[in-house]
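Undergrad: So the protein lines, in turn, are chains W and R. Heads up: the first sequence begins at 1 in this note's numbering, then just goes up one per residue. Heads up: the second sequence begins at 1 in this note's numbering, then just goes up one per residue.
If you're looking for bench data, these hints aren't it; they were derived computationally from the structure. Check the hints yourself; a few may be wrong.
[Said to hold, decoys possible] Rough simulated footprint, nothing fancy, chain W against chain R, three-plus residues with beta-carbon under 8 Å: (1) 157-166; (2) 288-295.
[Claimed, not checked] Computed cross-link-like contacts, SDA-like style, restricted to lysine to any residue with a CA-CA straight-line distance of at most 25 Å: (3) K310(R) - L290(R); (4) K87(W) - G155(W); (5) K87(W) - L162(W); (6) K156(R) - E90(W); (7) K156(R) - D160(W); (8) K156(W) - K310(R); (9) K156(R) - V92(W); (10) K156(R) - I84(R); (11) K156(W) - P324(W); (12) K310(R) - V213(W); (13) K310(R) - N214(W); (14) K156(R) - L88(W); (15) K156(W) - P323(R); (16) K156(R) - N91(W); (17) K156(R) - P324(W); (18) K156(W) - F161(R); (19) K232(R) - R133(R); (20) K156(R) - G93(W); (21) K87(W) - D160(W); (22) K310(W) - Y340(W); (23) K156(W) - V96(W); (24) K156(W) - T46(W); (25) K87(R) - P157(W); (26) K87(W) - R133(W); (27) K156(R) - G155(W); (28) K156(W) - G320(W); (29) K232(W) - R126(W); (30) K87(R) - N214(W); (31) K156(R) - R29(W); (32) K156(W) - L290(R); (33) K156(W) - V95(R); (34) K156(W) - E90(R); (35) K87(W) - P134(W); (36) K156(W) - R133(R); (37) K232(W) - P276(W); (38) K156(W) - D160(R); (39) K156(R) - G320(R); (40) K87(R) - P324(R).
Built from N, CA and C at the ideal position, the CB exists for glycine as well.
Protein chains: 2
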Amino acid sequence: MTVAPLLVRTARREQTERTPVWFMRQAGRSLPEYRELRVGRTLFETCESPELCAEVTLQPVRRHDVDAAVMFADIMSPVLGMGIPVKLVENVGPVVDEPIRTAADLARITQSDPTEYAAGILGAIRIVRRELRPDQAVVGFCGGPFTVAGYLIEGKPSRDFLLVKRMMYSDPATWHGLMARLTDCFVPYVQAQVAAGADIIQLFDSWVGNLSVNDYEEFVAPYSARILAGVKEVGVPSIHFGTGTATLLRSMAAAGGDVIGLDWRIPLDRGWAEVPDRAVQGNLDSTLLLAPWERLEAGARDVLERAHGKPGHIFNLGHGILPPTDPDQITRLAAFVREYGQS
Amino acid sequence: MTVAPLLVRTARREQTERTPVWFMRQAGRSLPEYRELRVGRTLFETCESPELCAEVTLQPVRRHDVDAAVMFADIMSPVLGMGIPVKLVENVGPVVDEPIRTAADLARITQSDPTEYAAGILGAIRIVRRELRPDQAVVGFCGGPFTVAGYLIEGKPSRDFLLVKRMMYSDPATWHGLMARLTDCFVPYVQAQVAAGADIIQLFDSWVGNLSVNDYEEFVAPYSARILAGVKEVGVPSIHFGTGTATLLRSMAAAGGDVIGLDWRIPLDRGWAEVPDRAVQGNLDSTLLLAPWERLEAGARDVLERAHGKPGHIFNLGHGILPPTDPDQITRLAAFVREYGQS
Numbered sequence: 001m002t003v004a005p006l007l008v009r010t011a012r013r014e015q016t017e018r019t020p021v022w023f024m025r026q027a028g029r030s031l032p033e034y035r036e037l038r039v040g041r042t043l044f045e046t047c048e049s050p051e052l053c054a055e056v057t058l059q060p061v062r063r064h065d066v067d068a069a070v071m072f073a074d075i076m077s078p079v080l081g082m083g084i085p086v087k088l089v090e091n092v093g094p095v096v097d098e099p100i101r102t103a104a105d106l107a108r109i110t111q112s113d114p115t116e117y118a119a120g121i122l123g124a125i126r127i128v129r130r131e132l133r134p135d136q137a138v139v140g141f142c143g144g145p146f147t148v149a150g151y152l153i154e155g156k157p158s159r160d161f162l163l164v165k166r167m168m169y170s171d172p173a174t175w176h177g178l179m180a181r182l183t184d185c186f187v188p189y190v191q192a193q194v195a196a197g198a199d200i201i202q203l204f205d206s207w208v209g210n211l212s213v214n215d216y217e218e219f220v221a222p223y224s225a226r227i228l229a230g231v232k233e234v235g236v237p238s239i240h241f242g243t244g245t246a247t248l249l250r251s252m253a254a255a256g257g258d259v260i261g262l263d264w265r266i267p268l269d270r271g272w273a274e275v276p277d278r279a280v281q282g283n284l285d286s287t288l289l290l291a292p293w294e295r296l297e298a299g300a301r302d303v304l305e306r307a308h309g310k311p312g313h314i315f316n317l318g319h320g321i322l323p324p325t326d327p328d329q330i331t332r333l334a335a336f337v338r339e340y341g342q343s
Numbered sequence: 001m002t003v004a005p006l007l008v009r010t011a012r013r014e015q016t017e018r019t020p021v022w023f024m025r026q027a028g029r030s031l032p033e034y035r036e037l038r039v040g041r042t043l044f045e046t047c048e049s050p051e052l053c054a055e056v057t058l059q060p061v062r063r064h065d066v067d068a069a070v071m072f073a074d075i076m077s078p079v080l081g082m083g084i085p086v087k088l089v090e091n092v093g094p095v096v097d098e099p100i101r102t103a104a105d106l107a108r109i110t111q112s113d114p115t116e117y118a119a120g121i122l123g124a125i126r127i128v129r130r131e132l133r134p135d136q137a138v139v140g141f142c143g144g145p146f147t148v149a150g151y152l153i154e155g156k157p158s159r160d161f162l163l164v165k166r167m168m169y170s171d172p173a174t175w176h177g178l179m180a181r182l183t184d185c186f187v188p189y190v191q192a193q194v195a196a197g198a199d200i201i202q203l204f205d206s207w208v209g210n211l212s213v214n215d216y217e218e219f220v221a222p223y224s225a226r227i228l229a230g231v232k233e234v235g236v237p238s239i240h241f242g243t244g245t246a247t248l249l250r251s252m253a254a255a256g257g258d259v260i261g262l263d264w265r266i267p268l269d270r271g272w273a274e275v276p277d278r279a280v281q282g283n284l285d286s287t288l289l290l291a292p293w294e295r296l297e298a299g300a301r302d303v304l305e306r307a308h309g310k311p312g313h314i315f316n317l318g319h320g321i322l323p324p325t326d327p328d329q330i331t332r333l334a335a336f337v338r339e340y341g342q343s
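Bound-form chain W, shown alone (with noise of 0.2 Å):
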């Protein structure tokens, strides 16, 4: 009988012999192979190669010996199978030339198998998957519905998210289609995932802490909550994340969620005081690894002096990696909590 990987275990809140630790957004710019590997492709294409996507989901774990490879997509990769054009603007983000903004523009969105528009990510976990040692775990990747829809009604990233907001106040009908259509592209797009080796998957909504309590139980939480059931019924745990959200943890735990992700904003042993009965994961500020190695220990130790030997504690930022970030913190970072608490 082989064992179940480390955070699949830690997210089972099983006794575990080192607290596990990957990093959100570990593939990627901060990585100069990374860099070069994506010159001339964009980031669509090299997600639609098995292989290219592969060999950069497995960079990190082979330079920084993680626990996990975070497989490489972008949080609008399954809109692709929507019908929906997107395009991703250097130092901009997502941008969505013909914007949902009414019930007329439901009508754009089709839905189609993840087998085919996602079959490039779906190779890739399969490949992911046989080269990882057993004891690593194969972390799918699902955008959260709040952040999605953000992008696809704003058409570009918000800080205010006014158009949203609009809508979901003065068209809920809208709203809600929109959502609803979501959920029905995610759910077999988390399921794919699974079925082609995924060990965990991670919803990520990052935006969603703009909401007011009130606000995400009603607009967003039902959907999050049939997105994370949809993983349930495949039998992997999941991940459930999003910044701004110390308002928000115990709604988000109550849709879903065997780990739930804290941002740095919240001192980790607050938010695990919020979901006692979950795991979690998090929650270094992301910008202590442009910081000197004494601070940024210091961080680390804070961490997990704050998760205080606890099952369930998943080492993690609070947000993804920074591109500037120099790889050799990284590194040395993840050394760092693997050999913590190991005397």
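Got chain W; can you put chain R on it based on the hints?
TA: Using the frame of chain W, we list chain R on its own:
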């Protein structure tokens, strides 16, 4: 003996006849009379004229019959007294062409007398105080040191505050030097506003919620504490506000402020429980002003119910009024709050 303005008595947590109401950014682009007055004039030019600045400040008080006039100024206004050129760029925000990045840059910062560089705003305070009823308050306005430092270092609005944090972590002497100079500028600025007639001062540290609790306490709190102590010294109460501060409220209260501003992310009762010995201000989501009246009213009622009629609640939004807001909605909301609980 004159009775203090309703807002001031509420800030002191006295039992009052009703809940005071005003709105952050009530003066400005939501009002057609403001947009008309601004034709052909920059914001800084408008603030330089005591008459124009007073007029813009008074417009929303006349229109909405709110309990306070918040001085129309920019968060960067006092920076003009520090010899650092700042532009306010439409749809972008404050832009500093020669940002502060190194110890050498600190030498460019000068200190001048607020009665000179802020003569317009101070003159406007005298006019506004004379024009208001005695039960209405003049709210003086000062940017928070983190937020202002953020614009000075990044050179423009930022999502991650990467350069700011890099300076904090890697060159703390320059960071502390900048914060000390900002504080040296802001203390006389707020004290001059009080001398001119401001009844209360609000410190707007809009983006401070980006920081972890540890970083807030080490890098920001000591300076906010000095500014708020400077307000106390001249005998008026203060409001201490930021957004995304759910995890910082206790630390912000420890730094100072008779009133703690709550943003819309934290239910008002939960926020108040974090700072039980203070008054609180807030905290309706600004985007609800774009919603149909029934939803807006339900949101306002929820805020008021969570305040439970306890002395010390100032009704406000969780952040500023958004420019596309219909002013009639604002007027109606102000009336609803004024009449709430008066049967």
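Undergrad: Now tell me if each hint is right for this structure.
TA: Going down the list of hints, with the structure as the test:
1. Only when three residues or more bring their CB closer than 8 Å to a CB of chain W does the claim for the segment 157-166 of chain R stand; here the count is 6, and the claim holds.
2. Coverage of a stretch by a chain is defined here by at least three residues with a beta carbon nearer than 8 Å to that chain's beta carbons; for the segment 288-295 of chain R and chain W the count is 5, and the condition holds.
3. Between K310(R) and L290(R), the direct Cα distance comes to roughly 29 Å. Violation of the 25 Å bound is thereby established for this hinted pair.
4. In summary, the hint linking K87(W) to G155(W) is supported, as the alpha carbons are separated by about 10 Å, within the 25 Å threshold.
5. Note on K87(W) and L162(W): the hinted pairing holds, with a Cα-Cα distance of about 21 Å set against a maximum of 25 Å.
6. For the suggested pair K156(R) and E90(W), the alpha carbons sit about 18 Å apart, so the restraint of at most 25 Å is met.
7. Under the criterion of a C-alpha separation no larger than 25 Å, the hint pairing K156(R) with D160(W) is consistent with the structure, at around 17 Å.
8. Only pairs whose Cα atoms come within 25 Å are accepted, and K156(W) paired with K310(R) is rejected, the gap being roughly 42 Å.
9. Simply put, K156(R) and V92(W) have alpha-carbon atoms about 15 Å apart, close enough for the 25 Å limit, and the pair holds.
10. Between the alpha carbons of K156(R) and I84(R) the distance comes to roughly 14 Å, so the proposed pair stays at or under 25 Å and holds.
11. Of the pairs offered as hints, the one joining K156(W) and P324(W) holds, with about 23 Å between alpha carbons and a cut-off of 25 Å not exceeded.
12. A hinted pair counts as satisfied when its Cα atoms are at most 25 Å apart, and K310(R) with V213(W) qualifies at roughly 22 Å.
13. Note on K310(R) and N214(W): the hinted pairing holds, with a Cα-Cα distance of about 22 Å set against a maximum of 25 Å.
14. Note on K156(R) and L88(W): the hinted pairing holds, with a Cα-Cα distance of about 23 Å set against a maximum of 25 Å.
15. Restraint check: the Cα-Cα separation between K156(W) and P323(R) comes to about 19 Å, which is no more than 25 Å; the hinted pair holds.
16. Between the alpha carbons of K156(R) and N91(W) the distance comes to roughly 14 Å, so the proposed pair stays at or under 25 Å and holds.
17. For the hint pairing K156(R) with P324(W), the CA-to-CA distance comes to about 19 Å; that is within 25 Å, so the pair holds.
18. This hinted pair checks out: K156(W) and F161(R) have alpha carbons roughly 20 Å apart, not beyond 25 Å.
19. Annotation: proposed proximity of K232(R) to R133(R) holds, straight-line Cα distance about 24 Å (limit 25 Å).
20. Simply put, K156(R) and G93(W) have alpha-carbon atoms about 18 Å apart, close enough for the 25 Å limit, and the pair holds.
21. For the given pair, K87(W) sits about 21 Å from D160(W) by alpha-carbon distance, which is consistent with the 25 Å threshold.
22. Proximity of K310(W) to Y340(W) is assessed by CA-CA distance (about 14 Å); at most 25 Å being required, the pair is judged to hold.
23. Distance restraint check for K156(W) and V96(W): the Cα-Cα separation of roughly 6 Å lies within the 25 Å cut-off, and the hinted pair is therefore satisfied.
24. For the proposed pair K156(W) and T46(W), the alpha carbon gap of about 22 Å is at most 25 Å, so the pair holds.
25. Restraint check for K87(R) and P157(W): the C-alpha separation of about 24 Å stays at or below 25 Å, so the hint holds.
26. Taking the CA atoms of K87(W) and R133(W), the gap is near 35 Å; set against the 25 Å cutoff, the hint is violated.
27. Using a Cα cut-off of 25 Å, the hinted pair K156(R) and G155(W) holds, with the two alpha carbons roughly 22 Å apart.
28. Note on K156(W) and G320(W): the hinted pairing holds, with a Cα-Cα distance of about 19 Å set against a maximum of 25 Å.
29. Restraint check: the Cα-Cα separation between K232(W) and R126(W) comes to about 20 Å, which is no more than 25 Å; the hinted pair holds.
30. With a C-alpha separation of about 38 Å, the suggested pair K87(R) and N214(W) falls outside the 25 Å cut-off, and the hint is violated.
31. A hinted pair counts as satisfied when its Cα atoms are at most 25 Å apart, and K156(R) with R29(W) qualifies at roughly 23 Å.
32. Taking the CA atoms of K156(W) and L290(R), the gap is about 20 Å. The hint holds against a cut of 25 Å.
33. Between the alpha carbons of K156(W) and V95(R) the distance comes to roughly 22 Å, so the proposed pair stays at or under 25 Å and holds.
34. A threshold of 25 Å between alpha carbons decides the hint, and for K156(W) with E90(R) the separation of about 18 Å falls inside it, so the pair holds.
35. For the given pair, K87(W) sits about 36 Å from P134(W) by alpha-carbon distance, which is inconsistent with the 25 Å threshold.
36. The straight-line distance between the Cα atoms of K156(W) and R133(R) is roughly 45 Å, outside the 25 Å bound, and the hint therefore fails.
37. Restraint check for K232(W) and P276(W): the C-alpha separation of about 20 Å stays at or below 25 Å, so the hint holds.
38. A C-alpha spacing of about 17 Å is found between K156(W) and D160(R), which places the hinted pair at or below 25 Å, so the restraint holds.
39. Taking the CA atoms of K156(R) and G320(R), the gap is near 19 Å; set against the 25 Å cutoff, the hint holds.
40. Only pairs whose Cα atoms come within 25 Å are accepted, and K87(R) paired with P324(R) is accepted, the gap being roughly 23 Å.
Going down the numbered hints, you'll see the structure goes against 3, 8, 26, 30, 35, 36, while the others check out.
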